[in-house]
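Asker: Here's the letter readout for the chains.
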Amino acid sequence: MLQFETRSDEETREAGRAVAQKLPASALVLLSGELGAGKTTLVKGIVDGLGIAGADDVSSPTYTIVHEYGEPVRVYHVDLYRLDTEEEVRGFGFEDLLDRRALVLVEWGERFPQLLPRERIEITIDTTGESSRRITVRGLSSDSPASSIGGT
Amino acid sequence: MVDDGQRLLSSVVASQLDTHSKYGGVVPELASREHLRAIVPVVRQALQDAATTFEDLDAVAVTSGPGLVGSLLVGVTYAKALCFAGSLPLIAVNHVEGHIHAVILEERQQSRDVAFPALALVVSGGHTHLFEVPAIGSYRLLGKTRDDAAGEAYDKVAKLLGFGYPGGPVLDRLAPSGDPRAVKFTLARMKGNELDFSFSGLKTAVLRWVEGHNLADEIAQRRELQRAHPAPSIEQWLIATPQATRDLIASFQRTVIEELLRRALASADEIGAESIIVSGGVACNAGLRAATNRYPGYRFLFPSFSLSTDNAAMIAAAAFPKLERGEFAGFDLRAQANLVLA
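These protein sequences, in sequence, are chains A and B. The first sequence maps to residues 1 to 152 in my numbering. The second sequence maps to residues 1 to 342 in my numbering.
One chain only, chain B, in its complex shape (with noise of 0.2 Å):
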């Protein structure tokens, strides 16, 4: 729930309702049917959270894509069954524009405007993209992945060095224990597009350097602890990873941020962006934060933790500047598993 497009009323993700454990271990986003029974107890706490009712609302948003078929509809689906039955307008949002949001929001909230042009690093598990947005509601792709994006690239060297999956976070905050020049990883050189990324070398490199270093023993040490405790502290795993390896994920870490890093700053130069706004779940990431502080010249914009990663917040934020223009969807809106933002 968002008020006036610069008040956050309330967020609610499912993994955090306790009625979410009894859905066993399946990975919640992927499955429709997992939505279908989540999706009326977390708008009813949404609506809850923010002291409203129903007859409160001015209008609905629903992410229309992308994303899986199967979950979008779900989403689709009750929105519109929402608008039709309260008589209000629908407001279909793309999931990276709802990243982009965030931040929006966010500055709102503390009485701020983002200063525009803006350049956009959208960076998760799923998505690395550049856009330039010369205002509100304007979108201009600029650079995307090739192949993995930045967000799987430090999910999938967790998982084939014994962290489990998704084992991004860990790496992040093992790394300041490690040296970040110990590993000379190449930087990718992009024909075509220089602005364009690609994380899948990076990622083969480590899994080379791995096979070169005779990790196997404390893999499989990393592996069991695991197996012995859920969720490991940074102690503990530190304990199981040896010094070489904490300068493998330092290495790793320093290049993944300075390849985001390199050419968020290539294009906000090239459009003259008055700031930098970097969003989704690699925006948690404390490695590239820290990272930004070396460019005082720039003025980047983090949202906060929860709204760095997938939220419906940010989806609310996303729709008000349409809501004003009166950009409305109709009833044969349809979930688009491929939309693209620009």
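Excised from the complex, chain A in its bound form (with noise of 0.2 Å):
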């Protein structure tokens, strides 16, 4: 488990940075978090850390659905908030998706627990404070119970 405390958007930016780092090539990232928590936020930080595009770069897909960074792509953005059935997920094409060699990020996807891999890696976005965020990586394969970085 890996976690970070942060005080603002721009060190949730600086976690997704250091996320980045830890994550393999192609894997489903499932991103939790109440509205507003920062989801996108963070995601700007890995697709930087990445160096695929710059965070000003990265904005919401939740009405798009999803957005692709990388040429050939290696990170989808996708947000699910405006989905309401299985049968719509699978019908933009989320399970072809989870097929490709890329990270896939997926926003409000806890909903549809049954279209996601076992296998996956999970980030929760617990806010703690009006501007503070506890953020959770769960699921890397290199896990070992205590590593921590950055803050408490």
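Just so you know, the hints here were simulated from the structure itself, not pulled from any lab data. Treat the hints with care, since some could be wrong.
Chain A is faced by these chain B residues, among others (derived, beta-carbon under 7 Å) [claimed, not checked]: (1) D147; (2) K203; (3) A337.
Backbone N, C-alpha and C fix where the C-beta goes; we use that ideal spot for every residue, glycine too.
Assembly of the complex is requested from the two constituent chains, each provided in isolation within its own frame, with the hints serving as guidance.
Answerer: Quick look at the structure:
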């Protein structure tokens, strides 16, 4: 498990850059956290940390459902917020994305547990104060019980 | 179907077709399968409404991006097949460029030309972009959202207040019943490019306000209203919305409009714009349209409601300058999910 305590959007992006160094080239990453927790902010850090796009070029995929980064695509940023049924999630080709050699970062994916592969990385963002967050990363293959970077 | 870049012959949107209802509750624009089912009847209807046939066409224009790759592929593949079968040129259009041309088309229909240089504000559920348009077909990106699109902020705020999704238009209609200065929201201050937008902080500020004002009962009441009536009238929504929440909605709307117009006007001044094109779904927002009247020194141009939201006529309109220049796509044209205009 990897854990970060952040106090601002910039620190959350910085945590994303650190997480990027730990992620495999291909995996499903489930991003959980309430509205406004900073899921897209964390993705900005991850994409920037991988060096495939600037943090300012990463925006919310809520409406467009999927944003792609890299050529060939190395990161798919997916948001299932406005989808209600598994049929809709399948309909836009979610399962095809999982077969790609790429990172698939999914927001609001916990609403469709049946569609998620069992082997996955889970990142949870908890709101601990107005602008402070606790970011917990689980499921990294290099996981050792007590590894911790940044903060306490 | 568009004639000569200035006459709208027909415009068909899949969700308006009767055949569409049998597709059930799927969000239609998302699913490539739904596109596949809709594309043939939609094209047939567009030809029929324009009293034309395939033989009358000079070219076929298609959106090659940005968007969901599966949906784009259906259009690109079908357009290629039409062009191959009819020996017609294929023209690739960027979706965002289409929004800008919705306005140019409608001005031409009224025998007016848009004065350039123009500033284009493309604002919808998925986009919030400012472009300098020195002349037709030429674009320079001045600013864009770094997080949520303006329309997305509207829809998310509507959902958290219990107005369903997408509920942005409901907020626009309720806003006049509230005091737009009742709740003070902080305007976004952008580091780096000051013409970039951010709506995520505003969305979170609304969430915090809601958490601090014990709205659970009225939100539950509105959700119940929507369960009982699939599309409640504005009067029904008003009954279920106490004054404090109306004030919140009015203040939210005022803040979004200020964010949009502040940057649009600053950009227009910077480039010496002769006109300001506002297009995309949020261009339907009555509060935004009314607010532009406060700036008579600027020439604001909005499309009609039906051409503000996504449509194919704007793609045909955007293709005409390319037809004149002979700027055709080959059969190797690819759907590009992350295509950028500039």
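Asker: Under 7 Å is the threshold here; is the Cβ of D147(B) close enough to any Cβ of chain A for the hint to stand?
Answerer: Cβ of D147(B) sits 5 Å from chain A, so the hint holds.
Asker: Are K203(B) and chain A close enough, Cβ to Cβ, to be under 7 Å, as the hint says?
Answerer: K203(B) check passes; min Cβ-Cβ to chain A is 6 Å, inside 7 Å.
Asker: The hint names A337(B) as touching chain A; please verify it with the least Cβ-Cβ distance against 7 Å.
Answerer: With a minimum Cβ separation of about 5 Å from chain A (threshold 7 Å), the hint on A337(B) holds.
The structure agrees with every numbered hint stated previously.
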